[in-house]
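Chemist: Line order of the protein sequences matches chains A and B.
Position 124 (the first sequence) corresponds to 124 in the numbering used here; numbering is contiguous.
Position 434 (the second sequence) corresponds to 434 in the numbering used here; numbering is contiguous.
Since the hints were made in silico from the structure, they are not lab data.
Incorrect hints may appear among the rest.
Stated by the list, open to error - DEER-style ranges, computed between Cβ atoms:
(1) B/123 with A/20: 28 to 38 angstroms
(2) A/24 with B/335: 18 to 28 angstroms
(3) A/64 with B/114: 45 to 55 angstroms
(4) B/343 with A/42: 16 to 26 angstroms
(5) A/33 with B/125: 38 to 48 angstroms
(6) A/365 with B/398: 25 to 35 angstroms
(7) A/322 with B/226: 43 to 53 angstroms
(8) B/403 with A/32: 21 to 31 angstroms
(9) A/162 with B/343: 40 to 50 angstroms
(10) A/17 with B/504: 53 to 63 angstroms
(11) B/408 with A/20: 41 to 51 angstroms
(12) A/42 with B/403: 31 to 41 angstroms
(13) B/259 with A/322: 50 to 60 angstroms
These numbers were taken from a predicted model, which means no experiment stands behind them.
C-beta: ideal position from N, C-alpha, C; glycine also.
Take a look at the letters that make up each chain.
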Amino acid sequence: MTDTTPSASQKRRRFPFRVQIEQRIDLPSRLYQFLVSFLALIVALILGGILISMAGGDPFRSYAHIARASFGSTGVLSDTIVKATPLILVGLACTVAFSMRLWNIGAEGQLFMGAFGASTVVLLPILPADTSPWIFIPVMIIAGALAGALWGSIPGLLKAYLNVNEIITSLMLNYVAFAWVNFFIFAVWSEGGFQMSPMFPKTAWLPRLADYAESIPAFRGLTTHLGFIFGLILAFVVWFILYRSKWGYEIRLIGDNPRAAEYAGLNIKRNIILVMMLSGGLAGLAGMSEITGVVHRLQGSISPGYGFTGIIIAWLARLNPFAVVIVSILFGALLLAGREIQPSGIPKMIQGIILVCLIASEFFLRYRVRVIRIGED
Amino acid sequence: MTLSTIPTDLNEPNFVVDMQGIVKRFPGVLANDHVDFELRQGEIHALLGENGAGKSTLMNILAGLYNQDTGVIHVKEQNVSFNSPKDAIDMGIGMVHQHFMLVPTQTVTENILLGLDEPRFRLRLNKYDKKVAQLGNKFGLLVDPSAKIWQLSVGEQQRVEILKMLYRGADIFIMDEPTAVLAPSEIDSLFDNLRTMIHEGKSIIFISHKLQEVMSISDRITVLRKGKVTAEGIETKNTTRQELAKLMVGRDVVFTLDKKVKEAGDIVLSIENVHALNDKGLPALQGVSLGVHSGEVLGLAGVAGNGQRELAQVISGLRNSADGRVLLNGQQISNRPVRSGIDRGVAYIPEDRTHVGSSPNLSVTDNVIMKIYRNPPISKGLAINSAEASSFAEDLKVKYDIIVPTIETPVRLLSGGNLQRVILSRELSGKPSALIAVQPTRGLDVGAIEGVHKLLLEQREAGTAILLISEELEELIALSDRIAVIYEGQIMGIIEDADIETIGLMMTGTKLEEISAPGVG
């Protein structure tokens, strides 16, 4: 090695540039952050396009078709919003938990339990079928949120008092929740042996735009229901909690440095339980909104994995509740397009590619990449 | 890889490291501005400078962590360009970082073997435990090879770092502020280790900003200030502390503090026969009793790991005492929620600024309101009044001279001195009746230390009862009205006119009455 040193250094000189990666010691500007995310999205679409053309499709036509199928008319836009509604709610559920670095991946199960809780109001029954919607719907909201919150509190209690990893318990409780709901729709509330409960009375349905078609004809056939409004209101509420309230400050402090939080006199155990309950409650509302706004009965296929998509949504939205709404609508569009695009896996694939690209783009927020001409000062 | 050590002219000193014209830029900072540095075979060469002078940057370049923008490095007569720390280790350069690079859940031996080609697949830990123990014995670096890192004291962890580099066959050692984390007696044994290593033919670069240590351990000194060399390789015996201080900070540093004579008031903080266990469930405090008066600084001296940390935690409520109690103005604050102590006026400057004292990704504002966000005017119903919070943070920023672009900057981007100011501003702004300060100047540069000392003395004049826990004896003697010494969880005695020798004896386990008793001392 001693003798080869000069030639080795010459070899390196053959290529006149070198790339240097440095950790950022300052914060990138908001515009830069936005541009990085936006470019990541473009890169993802390009990569997706390459894969579509490899599968024999025309990427431009496919993308145009996806856009038309989800945003092309008020009708499909309304359907997109219907798909986005549960996503917003579970996205918020995950946002709340993740802000405290509490990895609740049981939103799916909490959604099912929320649906179950809301159903008990009709099916037990707690309220008679001819109750006014003004009473019915608030009671179902409370029942759904409460059931989700209780389901979410189980991993919370286990984490707080026995230090059991919440990832495992919240994940496993999903399967318990599926089995629980299945038991009721197969056995207890089964309608004529089908795996679904009887249809709910109309008084227990969330109002839809189409219900007002008589006075506003433009709403004819639009299925967007009140749950979307819940989602928007709760996005604001969650934003207020996380970024303006004392509780949210505690959540963010515990999430960033639990030891500092303990040092500042915060009650970490209580917050773990409360945050899991809020998270579970939001996911439970997603279940409630699905059964009262869309299918109008308790059944097994109320969610194509909304609870898991919520994890991705919270992450892509960088735990910003308003961004959760936007990302959810995009994901709702991709879900809807899945019906139109063959093979139907394509939108899912695009989702995956977007996620990978956005996560990879974080690199450019943390590091600075410089290209240096060798020999330059 | 074989290295041919080229015998040089006997008159020419043999440079094992020769760095010429090193330039390194960071965004907005010129960290190294045409720095020259030469290390002779078999010497301890101190690299002196304030925090941010560019010492660590220069050494990170030598250790292969950064690439220089321009400049040439020769190691053992070879032109080198390192792309990774591994390249540097292959050339025999080992760096012991200030912040240890160890895996807490693994054992000492596992940490040492990490990343090596040998053992290949089967970890015969017993065999390697013995090897590590042997190596440790040779250099006096005593540590249990099968202990997990998290169980070790900071001093022991540092020994593991040194062993790691010895095990890899390093012969050029870069010690990045090795004494910042050590107790005085540990520093002595570290210095013995370093001298042993020199006798074994190793060469050592000793990064420090402590003049006294540099004077006692080094052969030659290079001083950096603001990225530039202000003195290159001067012989230690031909210089003085004052001269070095001037070279380092560019002005004459006042070593004496302006401490006003003051009558202490009533006892504010009273620690009564406190017993407590440490994290491993062993007794850490065995009947500690101390009283801190208002307007008094009570220093607590002791070698690290003799119960100081646990005592601070018991007072602040972070750790329960097994027996005894702590009273603040007659009200019990031990074995109570942390919050009750905070609300009654206990301020606590923890030893660990980044992991306990602050929340790195939250803004300066969020960090300074950590203890008062529950109280009006910052608390407003369920919400936080962000206008009040911002103006509070702005006030502190001005009053405590926190240098930061905006108060919305996350504190992880702050330098050690500024971060400590954030913590001090939070703790002192609440006008505490008692203040527990643990190593408040650890790792800070001369200017920042001066600032912290001034703030503590101001607080003393304001009538706060201050318990200052430190391992810097000079600091303790300069600031304290009385000094208590703790050893193995017991107080060895309290002295008013402290001299280093007596404290030293007490720190090693001699009770004060045994020293003052005739015929013993």
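Chemist: Each hint: holds or not?
Modeler: Do the hints match the structure? See the list:
1. Against the hinted window of 28 to 38 angstroms, the Cβ-Cβ separation of residue 123 of chain B and residue 20 of chain A comes to about 36 angstroms, which satisfies the hint.
2. Separation of residue 24 of chain A from residue 335 of chain B is about 44 angstroms and departs from the stated range, judged on CB atoms against 18 to 28 angstroms.
3. With their beta carbons about 53 angstroms apart, residue 64 of chain A and residue 114 of chain B fall inside the hinted range of 45 to 55 angstroms.
4. Distance hint for residue 343 of chain B and residue 42 of chain A: a CB-CB separation of about 53 angstroms, inconsistent with the stated range 16 to 26 angstroms.
5. Taken as a hint, the range 38 to 48 angstroms holds for the pair residue 33 of chain A and residue 125 of chain B, whose Cβ atoms sit roughly 46 angstroms apart.
6. The hinted window of 25 to 35 angstroms between residue 365 of chain A and residue 398 of chain B holds, with their beta carbons roughly 31 angstroms apart.
7. The given range of 43 to 53 angstroms is respected by residue 322 of chain A and residue 226 of chain B, whose C-beta atoms sit roughly 44 angstroms from each other.
8. Between residue 403 of chain B and residue 32 of chain A the CB atoms are about 24 angstroms apart, so this pair conforms to the stated range of 21 to 31 angstroms.
9. Remark: the range hint 40 to 50 angstroms for residue 162 of chain A to residue 343 of chain B is contradicted by a beta-carbon distance near 30 angstroms.
10. The supplied range of 53 to 63 angstroms is met by residue 17 of chain A and residue 504 of chain B, whose beta-carbon atoms lie about 58 angstroms from each other.
11. Distance hint check: the CB atoms of residue 408 of chain B and residue 20 of chain A are about 29 angstroms apart, inconsistent with the given range 41 to 51 angstroms.
12. Roughly 39 angstroms separates the CB atoms of residue 42 of chain A and residue 403 of chain B, a value that falls within the hinted 31 to 41 angstroms.
13. Between residue 259 of chain B and residue 322 of chain A the Cβ separation comes to about 55 angstroms, which falls inside the hinted range of 50 to 60 angstroms.
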